[in-house]
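Visitor: Dock chain B with the ligand against the given chain A, drawing on the hints supplied.
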Amino acid sequence: MLQRIYLCLAEQHDPWLVALAALICAVGTSTTFVLLRVAQLDQRRRRGWAALTALATGIGAWATHFVAMLAFAPGVAAGYEVGLTLASLALVVLVCGIAFQLGLQGGHARQLLAGALVGLGITAMHYTGMAAYQLAGNLLWDRPLLGLSVTLGILLPMLAVWIGLQHPRRLARTAAAGLLLLGICALHFLGMAAAIILPSAEIAPPAAPATPGWLGAAIGAVTGLLLLLGLAASALARREHRQERQAEDRLRSLADATVEGLLLCAEDRIIVSNRSLQELLGREDAWFAGQTLEALLPPGGVLPPGLAAEGRAETEFLAASGEAIPVELVTRPLATQARPHRVVAVRDLRDRRRAEARIRFLAHHDPLTELPNRTGFAEELGRALAVHGRTGQPFALLALDLDRFKMVNDALGHAVGDALLVKVAARLRAAVRATDLVGRLGGDEFALLQFAPGQPEAATAMAERCIELLSRPFVVQGQVLNIGVSIGIALCPADGVDPATLSRNADLALYRAKSEGRGTHRFFEAEMDTRMQRRRMLEVELRTAVAMRQFHLLYQPLLALDSDAVIGFEALIRWSHPERGLISPAEFIPLAEETGLIVQIGEWVLREACREAASWQQPAIIAVNLSPVQVRSPGIVEAVRSACAAAGLDPRRLELEITESVLLTDTDETFRTLQALKALGARISMDDFGTGYSSLSYLRRFPFDKIKIDRSFVTDLAEDAESAAIVGAVIGLGKSLGMVTTVEGVETAGQLAHVRARGCDQVQGYLIGRPMPAEQVQRLMDDKEAA
Amino acid sequence: MAQVSPLPGAGPGDARHHPAAGEGSDPAQPIHRLVYRSTSAILGTEEQVAAEVAAIVAAARRNNLATGLTGVLVYSGESFTQVLEGPLAALEATYDRISADLRHRQFDLLQFTRAPARSFGNWELAYLTQDALDAFWQDGAMPGGDPTDAANRVLERLTEILRPQPAATG
Ligand SMILES: Cc1cc2nc3c(=O)[nH]c(=O)nc-3n(C[C@H](O)[C@H](O)[C@H](O)COP(=O)(O)O)c2cc1C
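Quick note, the sequences are listed as chains A and B, same order. My numbering puts the first residue of the first sequence at 50, with every later residue one more than the last. My numbering puts the first residue of the second sequence at 9, with every later residue one more than the last.
Calculated directly from the structure, the hints in this document are not laboratory data. Don't take each hint at face value.
Derived, one-sided and incomplete: chain A residues facing chain B with beta-carbon distance under 7 Å [said to hold, decoys possible]:
hint	residue
1	A475
2	A479
3	R482
4	E517
Below 25 Å or equal to it, Euclidean Cα-Cα: the simulated SDA-like pairs (lysine to any residue) are [as the list claims (entries may be wrong)]:
hint	chain 1	residue 1	chain 2	residue 2
5	A	K455	A	P505
6	A	K727	A	R660
7	A	K563	A	I532
8	A	K563	B	R105
9	A	K727	A	G781
10	A	K563	A	P505
11	A	K563	B	A58
12	A	K455	B	D104
13	A	K727	A	A694
14	A	K455	B	D116
15	A	K563	B	G85
16	A	K784	A	I817
17	A	K727	A	R749
18	A	K455	A	E517
19	A	K455	A	R439
Here the structure is a predicted model, which means the values were calculated and not measured. Don't be surprised by glycine CBs; every beta carbon is placed ideally from N, CA and C.
Next up, chain A with everything else stripped away, as it sits in the complex (with noise of 0.2 Å):
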């Protein structure tokens, strides 16, 4: 076969017009795919363009075609049948024509289908040429060789258009041409070789046979026709290239100077970024082309399924340096181009999340400390009680409240109590362990929760851990300052499952820390919740007790030794409460004093006692108890005032009875207060005295007016001869300071001739008279005066 074939081309061809058929197929290959491109990019004139096409097509086969056929030297007569020949282009034209309507349209069948189509039109397009060829004998097929060329002649083109249709680069195109051309020289050569001619005397000749004048013309005007389409199409291609340039000129210059990153691709290959992406990922702009969207994310990354041609999504890009980008991608497709594109825009979201981040950090922590705050740590709790419910693992709640942060902060401003929080902070942050938790919950509350087996071991030590950091004097701004902390402490589960319960027990416990004393810890008790339950009623009780009046006062008398005459009142305030009776001052007064609820009470009492001494007929002493709490109100003074004045009352009848602990906080101030109370007029007892810290300093740094002393020396006066001397000391001691001594507390006449005695200057005591209804005061007043 090989062997016929290369007798075909070598002895029956002359080569000068084989090279030039060979040419012409060239031209006409290469602007059919020059057209085709036009054809594609020109969506309006499709139609036109596909038919030129076809134009430039089917002339440059059919004129190759018959150029080899003049290289072709049968050795016989031959001629060629006009009208056939003519419909033969015909024939290839409109075929083509239809085939590039089709491929035009896109997708790879139709494309596919289209060369097919092309193949078929050049292969009728020989063998009618072949059909209208004419000799001087007969002609017969070499079968095998006839296959080959027709399935070259229809497979090549088929491959030549789809590859031309695919891809619109220049290298491609010539690729595409080139295959074009191989197909229709395989075509025409192989079936010329595949053609064996027996001439036979018994056909005549051609009747009427082209002459080669005439052929000579028409392959001149046709090849010329061609020469001039193939010119036109490539300077319409080189313009349309020159504009194409332009355009994505314009275009990359918009696009570099967007601050997004941006991605133009086609189908999902990525044609080209701009500079705000290639910054971005730190790549260059050659790096991109090529690359499928997935070759920008992290290794095993997939490519969010909301984003097909037009969408968007979240994802992340892996950078050159090997960071994950955070990146929202909008997608929008192009209509402008042949094949589907699309622009991909890219944004940065890295400054959003952080924002984000920084808006999430804020909701749940402190900004002063960066700790959790009350929300954050009660989110936390919850976790752990999750937790617990799953895995029983045990934890510790630590409410934790620091001693005398408050005078700190009233006393050095914000701005140091500030500073001092934060250290505070950083030394709960020393004590506990990584997996601990500290947050702070407001003010100078924090708390700590910590997730530790053998409980409560561990729970006490990091409380002693704790109270030993954070009563280690403190440096602020070159000020040293000395703080504490008293600490609660809740058990999981022992002391509650659940958050309100385990919180509030801790808290229950922090207040039983700070009651006994501060700077300690106290585990939760059950009996602390009753009575914390107790005092809670009984502090709504005391209010509305304020509101409602429930309160009266009794009188007690004062005896004065050196004229055996009652010479005043001490006034006791007394609680009816309407359901429960009377309730001790014991019972309720510090419950007053805690809350506040004193500083009202006080002043009832105080005005109560001047109404009912200005009505008396006697001008007696009367006798008022103020509480620590009252004496530092700042409103106290005052208050004195106008109840004297309200009452009418010469102040120097006013005797207000203070006990040693409201000089425990021996501030200036509360002197000033004693004072100018002094000054007001009334006079200033020290009571049960020899109680508390009695210190002698006291007495010398107040002129008290008056010592009460307490009314346990009292009691065992006979047997106890301590107790005696005492008695005596301090009488001794008021004489010598010039201030009058009472005694309170008696009850018998042996301890009243004992202190009578002594020289002590007044007693009181149920020997002398209970407290009495005021009723009973003003009898005794007007018997007396009667008397």
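Guide: Below, chain B with the ligand alone, put in the same frame as chain A:
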């Protein structure tokens, strides 16, 4: 006379010629000083304790050199006594760390005040141990009573011990 005991590999000789030495005389840079005493809370074998103390001294010297602090640390095997001096900000920041350190306890701050000048300008942290201490405690520098007096006694004794004496140290 008391001896300055060098740590293995980190003798006080290394701590000499401190760049901040001149700072004490710089009137533009006011100097603060702190003195405290504490009890060691380091647990372990003798070697472990020694290693931990060596680590403390090494870290302290590194930090103090960087922040321009000078001072002295006395370790008796049971208690620490430290004097640190330098600019307020650096001193306060370092104090924040030391006072949050759980490797000692019973922390007793004897003094934190402005000082007219550095007393240990040559040392980012001189380190004294038992040998030096016998003399130190015997001479009545044992803190106790009024903190200010105690601080002053400590200072007096330590400056005396650390007074440059060419023969005493290597
Ligand atoms: C007794 C004692 C003395 C210390 N003295 C210093 C010191 O002078 N300077 C210092 O920076 N750290 C000192 N520290 C160490 C600090 O507490 C803290 O551990 C250290 O500054 C952390 O530094 P680092 O982060 O560089 O390791 C001392 C620790 C202890 C227990």
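Visitor: Going through the numbered hints above, which ones does this structure break? Give me the numbers in ascending order.
Guide: 3, 5, 8, 11, 15 and 19
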